[in-house]
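Asks: In order, the protein sequences belong to chains A and B.
Residue numbering for the first sequence follows the working numbering, starting at 1 and increasing by one per position.
Residue numbering for the second sequence follows the working numbering, starting at 1 and increasing by one per position.
In short, the hints are calculated from the structure, not lab data.
We put the beta carbon where it would ideally sit given N, CA and C, even for glycine.
Among the clues, some could well be false.
[To be verified] Covered stretches of chain B, going by a simulated chain A footprint (3 or more residues, C-beta under 8 Å):
#, segment
1, 44 to 55
2, 125 to 137
3, 164 to 178
4, 195 to 204
[To be verified] Under 7 Å between C-beta atoms, here's a sample of chain B residues computed to sit facing chain A:
#, residue
5, 36
6, 90
7, 110
8, 207
9, 208
10, 209
11, 212
12, 214
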Amino acid sequence: MFLNFVMKGRGFSRAVNPAKIRLCRLWRSVLVRRSQRHHIRKTLREGFRIETKMPGRSPSSAFYRALTCGAALLLGAASALAEGTPIPHGTLELIARNQWIAAGHTLDLGLRFQLETGWHIYWVNPGDSGEPPRVEWQLPPGLTAGAMEWPTPRRLETASIVDYGYEDTVLLIVPLHAAASLAAQPPVRLGAQVRLLVCSHEMCIPGKAELALTLPVKSQAPAPDALTADLFAATRKSLPRPAAGNWRFSVTDANDSFVLTAKVGHQITQVVFFPLAESQIENAAPQKLLAEKAEFRLTLRKSDRLLKPIERLKGVLVLSGDQAFLIDVPISKAGAVRNNSGNGAH
Amino acid sequence: MKRSTLFPMFLYPMLLYPVLVALVLCSAPPLVSAAKVGAAAPDFTGTASTGKTFRLSDYRGKYVVLEWHNNGCPFVRKQYNSGNMQQLQKQWTGQGVVWFTILSSAPGKQGYATAQEENDYLAKMQAEPTAALLDSAGQIGHLYDAKTSPQMVVINPQGVVIYDGAIDDKPTTDLNDVPGATNYVSLALQQAMAGKQVETSATRPYGCSVKYADATH
Numbered sequence: 001m002f003l004n005f006v007m008k009g010r011g012f013s014r015a016v017n018p019a020k021i022r023l024c025r026l027w028r029s030v031l032v033r034r035s036q037r038h039h040i041r042k043t044l045r046e047g048f049r050i051e052t053k054m055p056g057r058s059p060s061s062a063f064y065r066a067l068t069c070g071a072a073l074l075l076g077a078a079s080a081l082a083e084g085t086p087i088p089h090g091t092l093e094l095i096a097r098n099q100w101i102a103a104g105h106t107l108d109l110g111l112r113f114q115l116e117t118g119w120h121i122y123w124v125n126p127g128d129s130g131e132p133p134r135v136e137w138q139l140p141p142g143l144t145a146g147a148m149e150w151p152t153p154r155r156l157e158t159a160s161i162v163d164y165g166y167e168d169t170v171l172l173i174v175p176l177h178a179a180a181s182l183a184a185q186p187p188v189r190l191g192a193q194v195r196l197l198v199c200s201h202e203m204c205i206p207g208k209a210e211l212a213l214t215l216p217v218k219s220q221a222p223a224p225d226a227l228t229a230d231l232f233a234a235t236r237k238s239l240p241r242p243a244a245g246n247w248r249f250s251v252t253d254a255n256d257s258f259v260l261t262a263k264v265g266h267q268i269t270q271v272v273f274f275p276l277a278e279s280q281i282e283n284a285a286p287q288k289l290l291a292e293k294a295e296f297r298l299t300l301r302k303s304d305r306l307l308k309p310i311e312r313l314k315g316v317l318v319l320s321g322d323q324a325f326l327i328d329v330p331i332s333k334a335g336a337v338r339n340n341s342g343n344g345a346h
Numbered sequence: 001m002k003r004s005t006l007f008p009m010f011l012y013p014m015l016l017y018p019v020l021v022a023l024v025l026c027s028a029p030p031l032v033s034a035a036k037v038g039a040a041a042p043d044f045t046g047t048a049s050t051g052k053t054f055r056l057s058d059y060r061g062k063y064v065v066l067e068w069h070n071n072g073c074p075f076v077r078k079q080y081n082s083g084n085m086q087q088l089q090k091q092w093t094g095q096g097v098v099w100f101t102i103l104s105s106a107p108g109k110q111g112y113a114t115a116q117e118e119n120d121y122l123a124k125m126q127a128e129p130t131a132a133l134l135d136s137a138g139q140i141g142h143l144y145d146a147k148t149s150p151q152m153v154v155i156n157p158q159g160v161v162i163y164d165g166a167i168d169d170k171p172t173t174d175l176n177d178v179p180g181a182t183n184y185v186s187l188a189l190q191q192a193m194a195g196k197q198v199e200t201s202a203t204r205p206y207g208c209s210v211k212y213a214d215a216t217h
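Start from the sequences and build out the full structure, keeping to the hints where you can.
Replies: Here you go:
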């Protein structure tokens, strides 16, 4: 652990910037308030001793500061994050909504990411850079994992680059289908190997985690796990959902842009579109909104890499900051077409 | 009242026009990115890790490959630790292609290297680009709208961009994905040198975002 900690200190000494120092100070003050003073001092003393024993290094005050920051962040991560498998700059945990697997039912499993401030992972379409987490399941016969359900991402903007991803915490839900013929049995092991990329605006680090969860299989109807059910319910509630049936969407191909027209029956003040497919729209281009009483028009600049025409525009439309809808709209030269949201958009 | 006769009211907004024009010119992002497949490659001058200066337009008549580099980025490390990037550099510079490795990371960010550090890296990795250009201000990067490392651009002898995008079709950090991948750079060079149309001329570049100096937050 101390080796890890010292390495981290060194990492900071290489690239200390004022924002990070401020962050570290904040962390330190939070931690100290949590009466962990003694622990920090002890850790620092020991970490420092290891470092000073190394030849050719003099303990400068800058280095000491960097070391303190590393320690504070490390301890902060340890105390603020729940149990979970360590990943670069965070933890990852495999959790289930119910207490057991019920034959013939679908059980929500979840990959719960908790990331340190300043670090992010990626959405299914990572945007201009990055890579979404990938999972390989090891499941006993009779159990199959469905497609991952991706909560609405955030736009992660740096200079001319816009990525789509998640900061802080996120739960990626994967439905687990249990065959009706599955016999009741003692706990079975659900294994998941996750490969992921964790990035800050300064750097990217690949990670790998071997996760496992053991759950019994019962013939009784499923019962929710009190520890996780609320988190699953809240996440499910926030997932992008099909748009209302009476809304009308159309997309027209206007040379260098796609123009999305949405008749939603009321005035919308804020719209953000997240494309599900890569290289359709220019992620960093401003999305121009023209809002009218009962409809709006959103102009999305085409990607420079879109060399062949596309037939449909699929993605997540976030209205007024929080309501997210899945849309899948055919692209035409003109005319409104009924929305087919939800048809294989995920 | 007197003033309005000298300078009619309706002309007042005209005083604002220069300001408006200036605002638009300064704030609007460029409407099209400078480097586009099929268009002329924007010219640049870069300083190599060896101290030498290179100007793109001096290499008219030759194929030129631009490789965006960040030695800490896992996607780049995949190419270098497998030896694939070095092999490509050797293979194509051996056939007269000019290969510029470009470092657009800002100081303090992943992938930034001083001239000495870059020279050491090139020696250690046995990399053989024509030159490694130090672009910590991001000028060449922004000129080509480079978004990721590794991002690859191929320019033909007429100075036209014939490929822009990913290095291959396996957007992962896994070394095992290198052998089975279709390399778009080699494909573009092979097709163009054979007098054929480059089939895949633009792809989504994958990798780490280029760690430019002017992050917004």
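Asks: Hint by hint, say whether it matches the structure.
Replies: Tested hints:
1. 44 to 55: Our answer is that it is violated, as 0 residues pass the Cβ test (under 8 Å) against chain A, missing three.
2. 125 to 137: n = 0 at 8 Å, threshold three: violated.
3. 164 to 178: Since 6 is at least three, the answer is holds.
4. 195 to 204: Three-residue rule met by the segment 195 to 204 of chain B, so holds; n is 4.
5. 36: holds, 6 Å
6. 90: Given a least distance of 26 Å, the restraint on residue 90(B) is violated.
7. 110: holds, 3 Å
8. 207: Holds. Min distance 6 Å.
9. 208: Result: holds, 4 Å to nearest chain A Cβ.
10. 209: holds, 4 Å
11. 212: This interface hint holds because 4 Å falls under the 7 Å limit.
12. 214: Holds. Min distance 5 Å.
Going down the numbered hints, you'll see the structure goes against 1, 2 and 6, while the others check out.
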